[in-house]
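J.: Sequence:
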Amino acid sequence: MMNQFPKNFLWCGTTATSQYEGAYLEKNRSLSNVDFIPAKENHSPVASDALDPEILKDQRYPSRYAIDGYHHYKEEITILAQIGFNVYRFSICWSRIFPHGDENIVVECLKYHIEPLIIINHFDVPLHLIHKYDSWRNRKIIDFNSRHFLL
1 MMNQFPKNFL
11 WCGTTATSQY
21 EGAYLEKNRS
31 LSNVDFIPAK
41 ENHSPVASDA
51 LDPEILKDQR
61 YPSRYAIDGY
71 HHYKEEITIL
81 AQIGFNVYRF
91 SICWSRIFPH
101 GDENIVVECL
111 KYHIEPLIII
121 NHFDVPLHLI
131 HKYDSWRNRK
141 IIDFNSRHFL
151 L
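Its first residue numbered 1, the sequence shown is counted upward by one per residue in this note's numbering.
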């Protein structure tokens, strides 16, 4: 099937950090709003930024573990390369980038000549910014997010 497309056609695999990464407390990652999205229909506490860990403690939170891409991204990028993909679109968890940074996925993509297509913000906001600055209601969050995508 790939032979029927132009040579410069972009074959792309894609993931979203909240569904893929997991490892929510590893490598100095701070908590994010997506870590508090419960596995049920009512997401209103997260949507309204009413993130009180005490109220939400008895819930199950799928994003915290997701499908454990944090520990398996190298294998999965290898598979993308083996099947001929030349682009990988992914989001980067904002609370994993700051304050320490993590560029391993980009390096792994480039190793296989896969162009990284990075989604700057896929709904996750570090929990401390929500509590300290009232999330996106405060324009300072735009400045903080700008640092995120200028890396």
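Bear in mind the hints are in silico, worked out from the structure with no lab data behind them. Heads up, a few of these hints could be off.
[Claimed, not checked] Under the rule of at most 20 Å between Cα atoms (straight-line distance), these lysine to aspartate or glutamate pairs were calculated in the EDC-like manner:
(1) K132 to E115
(2) K132 to E76
(3) K132 to E103
(4) K7 to E103
(5) K111 to E76
(6) K27 to E108
(7) K111 to D143
(8) K74 to D134
(9) K111 to E75
(10) K27 to E115
J.: With reference to the structure, classify each hint as holding or not holding.
T.: Status of the hints after comparison with the structure:
no. : hint         : in the structure
1   : K132 to E115 : violated (36 Å)
2   : K132 to E76  : violated (37 Å)
3   : K132 to E103 : violated (27 Å)
4   : K7 to E103   : violated (29 Å)
5   : K111 to E76  : holds (13 Å)
6   : K27 to E108  : holds (18 Å)
7   : K111 to D143 : violated (32 Å)
8   : K74 to D134  : violated (36 Å)
9   : K111 to E75  : holds (13 Å)
10  : K27 to E115  : violated (25 Å)
Figure legend: structure checked against the earlier numbered hints; hints not met, in rising order: 1, 2, 3, 4, 7, 8, 10.
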